[in-house]
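Q: Letter by letter, the chains look like this.
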Amino acid sequence: MRKVWAVIRREFIERVRTKWFWVSAILGPVLFAGIIVFQIMQSVGGGVRNIAVVDTGKLGYGTRIVEALGASRTIRADGVKLGPAVLDSLTSLVETKQLNGFLIVGDSLPTDGEAEYRASNLSLQTIEELQRTLNRVVEKARLEGKGVNPTVVDWAQALRVTLDQKKCQRGACTKESAGESFILAYVMAILLFMAILLYGVNVMSSVLEEKTTRIIEVLVSSLRPFQLMLGKVVGAGAVSFFQFVIWGVSARVLISLRVPIARALGADAASAQNITLPHVPFATLAVFMAFFLGGFLLYSSMFAAVGAMSSNEQEARQAQQPVTYLLMISYFSIIGLTNDPSSTFARTLSMVPFTSPIATPVRWTAGSMGTVELAASLVLLLLGIVGVTWVAARIYRVGILMTGKRPTMKELVRWVRTA
Amino acid sequence: MAEPVIVDRVTKRFAGHTAVDALSLSVPSGIIYGLLGPNGAGKTTTIRMIMDIYEPDSGVVRLFGQVGGGRQHSAHIGYLPEERGLYPKMRVLDVLVFLAEAKGVARGVAREKASTWLDRLGLADWRMRKVSDLSKGMQQKVQFISAILHDPDLIILDEPFSGLDPVNSQVLRDSVVEYRRAGKTVLFSTHIMEHAEQLCDRLCIIARGKKLIDGTLAEVKSTHGGKHVIVAFDGSQGGAQQIFADRRLVAKIQDFGQQAELELALGADAQEILRALVGSGARLARFELASPSLHKIFVDLVGPEAATPAATGGNGGARA
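Protein chains in written order, with the numbering used here: chain U, 485 to 903; chain Z, 508 to 827.
The hints are simulated quantities; they were obtained by calculation from the structure and are not laboratory data. Among the clues, some could well be false.
Calculated pairs, DSS-like style, for lysine-lysine (alpha carbon to alpha carbon, straight line, at most 27 Å) [said to hold, decoys possible]:
(1) K596(Z) - K487(U)
(2) K487(U) - K637(Z)
(3) K487(U) - K620(Z)
From a predicted model like this one, the values you see are computed outputs, not experimental measurements.
Please take these sequences and the hints and turn them into a complete structure.
A: Structure, rendered in structure tokens:
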């Protein structure tokens, strides 16, 4: 066991010492910080919009709208009387960015419900707020026209319903929007795919390095080949786990620092509060980790066998293709999986050990998988790992000491039989 | 104490070609044992079977009295493979520590010993450098340290002197002798007879996977051939060629021009040859009764076979 530990440690330390590890470890948080800054900057830019309200009529709807917008935190409106060339001068103000936009309303507003907004930048948030305000003003004017007391109207309009969104799955309901869980499932799938591929290939090149430098001979005379393979796979797995931890922790730290960051950028704290990480329940995290580990063991032992049967980089690149294709099936299914996680297609993928490491976490996150199905998927994956590792270890054992031409399929079968 | 290495009728085939054929040898404790043979004779394959890298098709390897190859005994065996290899991107000290750990040495002990050895072989300044920064000779030294770092009772060196300059070769030879003096056992393979003659207590010559002869250096010399005479000329050779051609006197001759090694015919007297040479007007610088050199024995034994290259393995990796 101490020998396996030595292999694990070597694999871990040598990988963590490489430039590439730190480039990607730092790139993650930098990217994440960029997203936060971008979002804050956007809210600073869209913080308060200055608009003009042009009233083409005499009934004073313009003034009413300006009054109604007085309570808005994001729009500051000024009333403008219609005069000669007013629209042209407003347009030029918009063009020179002194004004964000202007609203044109007439006396027919409560009857035909038409208004016009001109702006250099049609932000969704502003449009929604203008629409809400206009609807309210029109509603009030129409009710008053039918003789309803304005204070009654005000009272009626004062209450707004807030819709609390919760997602129910597996007997528990959590506060999570539909979009959030979709994005979470998608991001998870991509992360799993990337990590399994990158670190699986790492295992392969590490095996190949020992083979091409011939150090394997000394190693095999001190360790059993299986100990060596095990140490390698676990070591590389630990590196990728470490990478995830760095990313996760830095994301948490950056999120907790979002208010100071916003202040430093001159934005108000409120704009930063809106930036949150998607809520990840503990069970989801556990499923993610379990299937990442399983998928990693499954694929990296295959990659180790590929490394062992090749004698140079070029050969290895060719020999790894079947393994990569197997992994690609999951990758190309991600969209289908996230769109309809309860389809027969998705169900099948979550049961096959070669695709379940990605399919099962996606289906679980989307809430379309029960605990029984999850357990079945996990058991099948474990069986798959045992079977694949058994075959891979045999190929590895014979392959690492072979030089010369790559084995044919027939020879591989013989290796597995006789090893 | 049980003999460190016993190879008992071991055979290894690669894709129809027999690399080692029912080979038996035994290495007693505390000596330097030479495994000699031409290229392709099966030396490396034999060593690899001893080291548990290959499994014999038949036959048994016993190490320290126990059945089984080098892996179970890795803590007591140092191994320098024919094809040297270290992790090029690792630091020198880290490689040494890792390789020692793989043999079961505790990390702290390994660090300490590695530093001591690096100091001793003049590589102290290089311990934090990458292996790839080292010259080839330095890498060989590091490799040698990795073989002996865990203070093994038996060291197995496959062609240890190939690729070494005379200075480093001498350093290595000194270490080997020092090892034997400390009561340890050394098994090494070579095809350079001078090294074998200088170092070996016992030896075994193999060709085409089969043993041709083994025993102590003296035994091998006495069992092979008869009396030998070394003749060196100082100018005129007189009628030497005629005398050498006389099959009643000389059974075999290796003529080097100014020097020749003669194997006397059965019943021939060296003094008769000396008289004949002097009588024929040859000027002699040297006339010496000698036992045959290992070189001569080797060439006599494997000569015709060594000239025809042994079949190479079909399935790769089967080089001997």
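Q: Evaluate each hint against the coordinates.
A: Hints and how they fare:
| no. | hint | verdict |
| --- | --- | --- |
| 1 | K596(Z) - K487(U) | holds (21 Å) |
| 2 | K487(U) - K637(Z) | holds (23 Å) |
| 3 | K487(U) - K620(Z) | holds (18 Å) |
This entry satisfies every hint, going by the numbered hints stated previously.
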